Structures are given as structure tokens and as C-alpha cells.
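Participant: Letter by letter, the chains look like this.
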Amino acid sequence: MVKIDLKRVDEIIDRYKGEEGVLIQLLLDIQNELNWIPREAITQISERLRIPKSHIYRIASFYKAMSLNPVGRHTIQICLGTACQVRGAPKILDRMEESLKIKEGETTPDMRFSLRRVNCLGCCAMGPVVVVDGNYYGKVTSAMVEDILEKYE
Amino acid sequence: MPRLNSKEELKALRRKIVDMRDLNKPYITLCSGTACRATGSDAVAAAIQKELKDQGLTEVVGVRRTGCHGFCERGPIIIIYPEEICYLGVTPEDVPEIITKTIKGKEIIERLLYADPNTGERVVHEQDIPFYKYQTRLVFSGNLWVDPTNIEDYIALGGYQALAKALHELTPEEVLEEVKRANLRGRGGGGFPAGRKWETTRNASGEPKYVIVNCDEGDPGAYMDRSIMEGNPHRVLEGLIIAAYAIGAIQGFVYVRQEYPLAVNNLAIALEQAREYGLLGEDILGSGFTFDVKVHRGAGAFVSGESSALMNAIEGKVGEPRPKYIHTSERGVWDKPSNLNNVETYATVPLILEKGADWFNSIGTEGSKGTKIFSLVGTVNNTGLVEVPMGTTLRDIIYKIGGGIRGGKRFKGVQTGGPSGGIIPEQYLDSPVDFDELTKLGSMMGSGGMIVMDEDTCIVDIARYFVDFLCDESCGKCVPCREGLKRMREILEDIVAGRGKEGDIELLEEIAVVMKKASLCALGTTAANPVLSTIRYFRDEYEAHIKEKRCPALVCKDLISYYIEPEKCIACLKCLKSCPEGAIEGEKRVIHVIDQSKCIKCGICYDVCPPKVGAVKKISGEPVPPPLPEPDRVIERKGRKGGKEGR
Chain C
1 MVKIDLKRVD EIIDRYKGEE GVLIQLLLDI QNELNWIPRE AITQISERLR IPKSHIYRIA
61 SFYKAMSLNP VGRHTIQICL GTACQVRGAP KILDRMEESL KIKEGETTPD MRFSLRRVNC
121 LGCCAMGPVV VVDGNYYGKV TSAMVEDILE KYE
Chain U
1 MPRLNSKEEL KALRRKIVDM RDLNKPYITL CSGTACRATG SDAVAAAIQK ELKDQGLTEV
61 VGVRRTGCHG FCERGPIIII YPEEICYLGV TPEDVPEIIT KTIKGKEIIE RLLYADPNTG
121 ERVVHEQDIP FYKYQTRLVF SGNLWVDPTN IEDYIALGGY QALAKALHEL TPEEVLEEVK
181 RANLRGRGGG GFPAGRKWET TRNASGEPKY VIVNCDEGDP GAYMDRSIME GNPHRVLEGL
241 IIAAYAIGAI QGFVYVRQEY PLAVNNLAIA LEQAREYGLL GEDILGSGFT FDVKVHRGAG
301 AFVSGESSAL MNAIEGKVGE PRPKYIHTSE RGVWDKPSNL NNVETYATVP LILEKGADWF
361 NSIGTEGSKG TKIFSLVGTV NNTGLVEVPM GTTLRDIIYK IGGGIRGGKR FKGVQTGGPS
421 GGIIPEQYLD SPVDFDELTK LGSMMGSGGM IVMDEDTCIV DIARYFVDFL CDESCGKCVP
481 CREGLKRMRE ILEDIVAGRG KEGDIELLEE IAVVMKKASL CALGTTAANP VLSTIRYFRD
541 EYEAHIKEKR CPALVCKDLI SYYIEPEKCI ACLKCLKSCP EGAIEGEKRV IHVIDQSKCI
601 KCGICYDVCP PKVGAVKKIS GEPVPPPLPE PDRVIERKGR KGGKEGR
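Those sequence lines, one after another, are chains C and U. For what it's worth, my numbering labels the leading residue of the first sequence as 1, then goes sequentially. For what it's worth, my numbering labels the leading residue of the second sequence as 1, then goes sequentially.
Because the hints were derived from the structure by calculation, they are not lab data. Remember, predicted model here, so these are calculated numbers, not experimental data. Even glycine gets a Cβ: it sits at the ideal position worked out from N, Cα and C. Treat each hint with caution, since some may be false.
[As the list claims (entries may be wrong)] Residues from chain U shown here face chain C by an in silico Cβ test under 10 angstroms; the list is partial: (1) Arg74; (2) Ile129; (3) Val608.
Same shape as in the complex, but just chain U:
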């Protein structure tokens, strides 16, 4: 493939690729992000190849393995072109029927379509499925049509046109102005104006300057960046090169978690292909601008996602933060000016260059422009990645797009901002999603994790979980964070174990004040947020644990007991046989009883009791009723005259 040496050559290549593509040719796209691979898309891909070969259709039908489509709850997802028929939850066994009926016979297979959970009505096209209908996919849309290992897919979509425009039609200052005018705020969690950061780096003294992509997505429950990097790495790369041009950097780094092997792999392929096509390296697109990229793998440390820590890691040192009274945009990697932005931030840049800052400003709210991708997970029906304009309400995201709470349970709260954020309760569901609004509620936007929690979630246990996570991940350098988190963990572990005492809540609040004021980095200063926000909105749960030794959600092991209700037990022996400790007594037709002294609270009996029977209960804050005397536990058969005896 000859190098592209001008924007005209890029345009011509795009025309050539598009002209060669017959839009009427049958095509199968298969979602192949990490999550779909985990649910079997590799096996589906193999089945497709085999079936096409067996039916002699390999030349006639195209197959494209794309990145994540976002509707992870229903993967693997297949879309059949040109009709754009969307099939969900496809298995290898479905493949022969799909090829025969839909590809050859042009017939739709109803059972593989999305069905409305209330009306049962089937939906044929992806964009009409409620999960997608209420989204505005701008940054994420490329994932549907691009094979990340084939740069020509990206070019066919118009990829790298924004870069060509920047390099050949605009000066670096003009590019910078456009990004500033767009009011693009960082998508990694801080929400800092990207244009301002670029400008500071550009104006700082010191050469060479560096640009860095932060793909160390560490918030548990958030995987947006992974899906973008796996599914459309060229979009990120294009944004990075534009930033480098605007700032005057000649070297870039991409810091990717090693826990994302597919992203590391697809990124490496993308870089190779970009170099081959003259879109990266020396004299990009014949513009005279030279810039290249190195990949640096993370090694499993949450704190290394903090910008100064990440830069230390790039230098080969331990990934610990340093004081930031001198910003990294002035003295970063090797003490040179370094601009660090999140994956999604860079992925948004080509859109701004292509469609203009005015267009970008027309989407979103006053303080938060554009769209944001969220990972909507937890006890919600439609788990997946969701892109909506800033200002969309939490209610719309969770209910309209997310389909509401699983199992018809009651909503309790939604956690945003990862370990730096908080839990937002029901009364604020109509709040718009916006950087400043979420901060006012005691949480934050964060990187985009949105974890829905229901009545079966113990809020105190969640606070303990976040503190435990941060305690492990704290680098340990500064006292407020290191010691503060340790003491918070002790107090919270005491509370969930029934050892909480009066004054614990106030002590947690006092420690939080110090951590906020005096920690070295944002891990420490925001670590108390999960605790503070849960005390603010769910103080009653804390007090139940402390004063009544009761867990309202029936979760905390030390505060609950498992109990078999005699009136409901049918003595089927299921729980008795499954109990790993042999703690259940009973026989066929003798009501089962749990020996509390042997019970280890594993919950297996609760899981295996048939749903129609539901005899195993969890109780908390009250003593376990004593077992019935043995003779009363025998279930007599119904006599001919009817009626049960012996209970």
C-alpha cells in the first residue's frame, strides 16, 4: 500500500474503497469486544466461517468482526446488511438457520429479534431497539461499522479527514482555538477544559513536548475506554495526532492496562497500519508534521491512572503520584511539558474538527457540552454502554434505556464516579447528568461508570467495599490517605460485623475532612466521597447497623441468619444435600431445620430452594425462632378425608 502524501490522496483512497464496496452485497457484522467474546462470539464467528464455506458462499457474503456495540446484556450481536436486521444473543447453533433463512432466503427469524418486554412486539432494526433509540451515538457509532484491525474500514467512514483538514487547512493555533471554543471537558473524571490544558502545554517552555492517552481505566464497573480502544483505535489515534499538532509535540504515549489484552493488540495493529499509510510517523500526509507513538502497558495499579503517577510509570519508575503544584502540562514526563487526556476525550476531537465547535456546543448543557458514554451496569435490566447528550436525566438513562431494575425490585441508588464518587438516591433521579450537577449531589461524573443498586444492596457494605478497594490501591506515600483509609476501613468493618458504636459516624466524617484537605493526590482527596455521600442519604442504614445490629438489605453476613419457614418447607432435601457444612437436619417429609451453630452463611440453601417454595428466609436484627419440636416437623400425607395433619 503506497503512502498517502496529501489530503487529496486520502480523499481519493476513500472514494476508491467506497466505490469498490457493493452496498447491496450481503454482509454479516459480529460484535467482538471482550465481553461478547466471553459470551461466545469466537464460537459464533467460527460457525459462520464454516457454514459459509459449506454452502459455498464465502466469496458472496462478507463478514466483519467489529468492536463492542454497547448492548452487552444481549450479546453476541449480529447485524445483517443491507437490510440491517439485528439479531441478539446469537449462538453457534443459530448460524446455519441464519445463513439459510435470512442471508439466502431473505426471511427474518423472529425469535432472534429484540422483543418488547411488555407487548412482546418484535423490533427488526438496531436503531429502533429502545436501548439504542434513546441514545445519541456520536463517538461510539464507529464501533458498529469498523473492523478495528482494518484501517480501510475507518477511512471508508471518513476517518482521518479531520486530521487532513487540521494539517493542511489550519494552523496549530487555529486547531487549538476550535477545541477551546468547543468547551470540551475531559472525559476521564476531572472534567478539566481540554483546550485550556492543550494551551498551557503549548505555551510551556521545554522541548520535546509529549501527548499522552490515558487508557488506564481503573474504576470498577467502567469499561467505555476499553470498548473504544478495542473497537475503534484509529479514532483515538486521529484525535491524538491532532492534539500533537496543536500543541507542538513530536512524541506520544498510550498507556493501556495490561488487563485489556485485546485493546493492546488492536492498538498495536492500528499503529502499524497508520504508519504504513503515512498517517503516523514522518511527514504525515505530506504536511511536514512528524509524530509517532509508543505504547506503555500498565501493570495493575489503580493509582497509576492518576496523571502524575502515570507519567512516572512511563519513565520506568514506580507509578506513584507526586505533588502537583507544578502542573504536569508544564513539567511532566522527563520534566517536559506533557498533555494527558482520556481515551474518550481524544476520540471526540476529530468530530469537533469535522463538524465544528458550534455544532458541539449545540449539544448538552451550559456547563457540559457534547455527549458522554456511560457504562450502565449493576442491577439494571439492559446492562451495557450508553452514549447520551449531557443533560439527559438519570431516570431516562436507567429506565428508558436501561429498562429499569432487574427482577422488578425497588431502585435504591445509582453510584457514579467510581471510588471517587457517591450514591445518588431515588429523590434525585430527575437530575440531569452534568459535571457540575452531579458534584452538587455529593457525587461526580467520573469516567462514566453508572452502577445501579436495588433494595438488596447494603449501602454500608458498598461504602466499606470502596474504602477497602482504595486502601489496597493507595500508594501509601502520604499519611492522610494511607492512615485515613486504614482507619475508615476498620470502622466500617466493625459496623458491618455488628461491632459498630455510637460516635462511629462522626469519626468517619472527621477523618474525611482531613483526607480531603491534606492528601497528596485525587485518590486521597476523593476517597471519602463514597462514605460521605452514603452517610448523607442513607444515614438510617448506618444507624440500623450500629444501634440495632440489623442489616436492612439482609446482606452483612455477621448480622443475618438463614431460617427455614416451617409452614413453607416441603422437605424436598434440596438444601440439605447442597449444604457444604451438613448444617441442615431433616428427612423426606420431615421439615428441614438449619443448625445455626454450624451455619457458615454461604447462602447456598437460599439459592437452591425452589422459587415456587421460597422457604429459606434471611432475617436480621431479631433472634432466630427456635425449631419446632421433632414430632411436629413430620409432614403427614393428606388423608382420604382431606386435610394435612401433623404440622
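This is chain C alone, in the form it adopts within the complex:
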């Protein structure tokens, strides 16, 4: 059971109190703070802002930046934008999936890695690009994947 700090959620809700149309911004802040959007946070928002939970779930499930599941200790983002695509990024994704035994969008059972595909980080000159915890790796080849993963506990 992951313990949720509802006080933080309350503080974030207070930041926007009174404003119209802030639900997306609020959920983004919670995502940034907790790395995911727990059910308890949705219940909290629903009660305080008098918005139906189904409405909040609709938004949280629509947007890719919002995660309804806890994420791993390290987040791997593989760029699959068109420029990286033509430079061989799909092979890198394949290698990651085979090595970690999870599919893109999932988290390893030991919570070590979450694997996400992203569409264009705008670093096309260094493609294919992989970002782990904000660290950028450029001109990645399948052979480099294991070495990159080994750096993260």
C-alpha cells in the first residue's frame, strides 16, 4: 500500500481555489508532485471542488502526461518521433522491452524502471535519444542499452 500525503494534495488544490477551468493544471501539479495520480487524490479533488469523480477520471485517463499507476524509481523515455524513427529508434525500444521484460507504458515488477515512449523531445540532432531520470543519451544503438540500464539501481 503506497501511502499518500493528502496534505500536499490539499495545498495544491488551494493554489487554484476559485479559478475556473483549472482541473487539468491541478492534475498536472499532482502528477509532478507525486509522480502519479492516486485514487485518494481524485477523491479529495472531487469532494473539495464538487466535481464528479468520473469527470476527473475522464481527464486523467485522456492525457498521456498523467499516470493512474505508480511509477518506478527510474523513468526511461525513448523518443519515437519521426526523426529518431528513421534513425533506428524502434530497435532501441525492442531491446529495452526484451531486456526489461515489460512493454512500453509498463513498470517492472520490482519498481525499478518505468518505460515510456515519447513523441519528439526536439533533440533530433542526437537521435536516437533516450532519457533516463532527466539524463540524455544520444546516438543510442541496441548495443548500448544494457550499459545504460546498468547505471540505475
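With chain C's structure known, arrange chain U on it following the hints.
Facilitator: Same frame as chain C, now just chain U:
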């Protein structure tokens, strides 16, 4: 900083800033857009600060972290003033030498200069580097000289003068006329005349009116808007305020992708500073005009970049499009008249006000005026952001500026217009880049992404990639788009996996017709373009996949096999040791063989085989040759009498 209350005070402030700046003082500007930060400009910046401190030069040498310069292939980029010496690919280790030799000693470090790939000749100044020489940087030029977190840099360059002119010398109608006369077409992809959209919004009934900046740049491979917003947010803001004045709006929104944290940050700083200086908020520059801006972050949905979807998101609802038989310029955010334009469109407006519509009309083609910024990426040598007059040919952009294809490979096609566009083949390389010309070729200008593809790109796989992307991003509201894309994806996945059949191409074309006619929004109506344009120009590749189960570019995993050529293999064990599945048999001096039943086609053996040996090959459409019998695989050493035996 006291508020500026008139255009005279703005002029006086500019003079004061410029007078205080000693043009002979040594200055280092360091490119610090997101891409350069990814290649190490943060570390270079830290090294510069440290070295200046160690050498006691902090008071004497200025440092300015600017936005993206565009030549992303060779970043981090440093320019040293006043000599304007341009160094490329700078590392922290280079910094002490740069400070000692160039700043103090006025000596140029040759190895950090651009070198012509053919003659080796070195180039000192940025504007002489071929990548820049053939560009016409008007909108993007500010990025070279402005620290985006310091409004005074922008003011020193003449920033906000166009706004002062609009507010104090022109009526809103006159501003509107000027933008209409300039024939400025939207730079976000639609190419709709901006002046006409402004006029519709202005004349629509309903208050308050809104103006919106679309910075939800979603086309993969396009990052022009990010670089403008990160590097020169005041330019965009100035254009937005001018638009608000012309239209009669008092509230503006900027919708920025949350995937662009630096842009979000620099924009927030810019808004704060603009308010402080009286350039935003109440009674701007003492003109009586009041206008302010809110920032709304996107949350990772491509479809939310569509104008009606974006407006829904601003209202806090899910960012899905709605039918547009009533234009958003009449009923947009909260059902009020709303004008939405792209970042680059707004960034062009101050130039038009400053230099005039006639000047703008003198650049470009009959149907497309002005310049356009493209992100030139893919298998091209000089990857980066390129600004050229409309009408420049694709060939000039890809070869003169882009330096041609990487690794000397053969050009196959250039993809423009993102997921709504198409691939243009070699025979049309001399086509001018222009809204209408690109549409005639079955593609479109789009937001400016230009992805170069070579002989190693499988066109059918690219079509599948775009359909897959759009299938994920489709909001799902309307049947033609939702179901059409799903069925197209199934058919294309079958084709690349070797399950394609006769009639697949015709079926794709039939689905495309329905999607084009009946989808709710432009995502759906243009989704078939990548498929249709690739069928039009590369039908032979589709047919090879379907009829011969062959991938001509040797990409599609299910249609290729990896094979080690016995005559070339030197049995060095490299591939054997790297194979994650243990699928390679062999020993030192015994030629290696791939066990096809274990091979997962990861391609690692292909990557690690030494380039001089090149023994690992990809084959497609033909059976893998059976392995040599074991005794024949042993490599005998050369005997004293010479000659190899045993092969």
C-alpha cells in the same frame, strides 16, 4: 524598475541600455536551448563561470545564455564578441583554452571552427557557415542576441517598438489592415490568412474576446515553436499584444506543452518582467489599452493542438475537438469570439508592423509571403532549425543548407507536414517550398517539420508509423477517424509482417476516401495523407512487401534475416559475445553462424561487426543460405608457402 508609460519612455530606456553597453567589451554567448542543454551546455556554462572567476575576469567578460541558434547538429555553440568568432561543439574541457587564448590572447582556436567537409577550409564567423549563409533569419535572428530571461536584451534590440507604434500611432483598424495587406498565412499548419481570422474575430459579437497562442507543437520532428518560445518569448508576446489591440481582446492565453518545461519557465519569467515594465497588464505604455495573459499547460495529447480541442482544454474540459460549422473565431473559449494563431505567426507580427506590409510582400512567392522556419531533421548531415524565404527549393534546403545525406547514402524522400503530410520523392526536389505547391504534391507545409529519409528507410514502415501514432492520438469521438485508423493500422501491420494480400492497397485507398470526407476534425481528414502519398510515389515498395514478402530497405523485422557472410567473417567473436540470445555459433578461427531459430532480429551483431569487416548482412525476400559444413568453417593460418586453406 519604474513602469514605462509612453513610447518616448520606451525609446529612452532603449537608448540608456544601449549606451551602457560597451560594444568593445568581450562577451561570450552560449546556446542554451533544450537540445544544447542535452548535449552539455549547462556543464560548459559552469566551466565558463569557474574559469572566469579563477582568472579574475568575471567583471571584465560578459556571459549571455541565449536560446537555440538552430545549428543543433554542432552544439553547444559559443560566439565570442566583439570579433564574432563562432566555436562549435564546445566541451567544458575546451573552456580554459578559449578564455586564455581567444578572450585574453585574441587568438583563434582552429580546431573549434567550422571546417568545410570537402576543402577543410575553416570558417570564423557564424554567418559565413554554409548552414547559416543560405538562410534568411528574420523571425529567428533574435535568438542569437537575447537572454530570454532578461527583457532588457529584447528592448535593446528594438523590442516592443512595434507595439508602441501600434498603440500610439495606429488605430486597431489600421493595425488590422496592415496585417491583412501583408498576406500573412498561419504558420501552424493550416496556412489560413491571419488577417482575415483577426477581422472575423473583431467583427463577431460577444464580449470579452480572447486571443490565444498555440504552442502545443505536436508534430514529431518539429521543434521550431519550442525554440522560439524558449529563446525569445518576448517576440511572441509582443505579437500577441498587437493582435489583442487590433481585435479588441482584453485576455490572452498561451497554451504550452508541459513537455517543454524550459519554454514554460522562460515564458513565465517573460510575462512577469513585461508586467513590471508596463508592457503587459493595465494601461500598457500609457496608451489606455489593458490586456493580460494566462498560461495553460498541455498534458500530452496531440489532438489538443487542434484549435477547438485546445479551447476546450482551456475551459478545463477534456481536449477533444468539436464540429466547426461555427468558427471558433465567432464562438470559441466560453463561447466567445477567440482568435487562435501559432507561435511563429505571432512572432512574425512585430516585424510586419515595424517594416511594413510592402516589405513582407517582397519576400516569398505569390501565394506564400515571408519566411518560414523549418526543422530539418532525419538522415541529413546538418540537423537543425532553418529559416528561408518561401519559394526556396527543397533541394537547396536539404543540400545547400543541410549538407546532403548522412553517410553518403542515397536520398529517398522528404516528409513534410507531420502526420497530416506526405513524403515527397527525388523527382520533386526542385519544387519550391510554398503552401500551395506542397499541397499539390500530396503533402502540405504543416508546422515546418522536414524529415529527410534515405535508402535505409522503409516507406511502408513509415506509413505504418504515422497511422500508429494517429491511432493512439485520435480522440475517438467520430467513427471515420477512430475506426478508419484502426483498420488502416491492422492492414499496414499485416503488410510489414508479411501477411499482406492482393487488394490491401485498394482497401487502404477506399478507407482514406471516407476518412477525408467525414471525419470531425483535421486529424481525421488528413490522417490518410501519409498512406496516400506513399502509395502514390512508392507503390513498388508496397507491392514488394505484399507480393514478394520482401522489404527493399531491409527494415521490417519479420521480412529480413541476419546472415554472416563466410568469405568475410574473421571469427573475431565480437558478435558472438554481444548476441543477447546466444544465437551465434563459432569460436576463434571458426567462422560464425547465426542460428535462425534463435535469432530475434535485434541487429546487435550488425552494429558490432567491425566496419572494415562488414560480414553481417541483412537479406530479404530470399531464403537464408544454409551454413557451411563445420570442417569448412575452420580458418587455417597462412602457411609459410602462403595461401589460406580450409575455407
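Participant: Decide, hint by hint, whether the structure agrees.
Facilitator: Against the structure, the hints come out as follows:
| no. | hint | result |
| --- | --- | --- |
| 1 | Arg74 | holds (8 angstroms) |
| 2 | Ile129 | violated (15 angstroms) |
| 3 | Val608 | holds (6 angstroms) |
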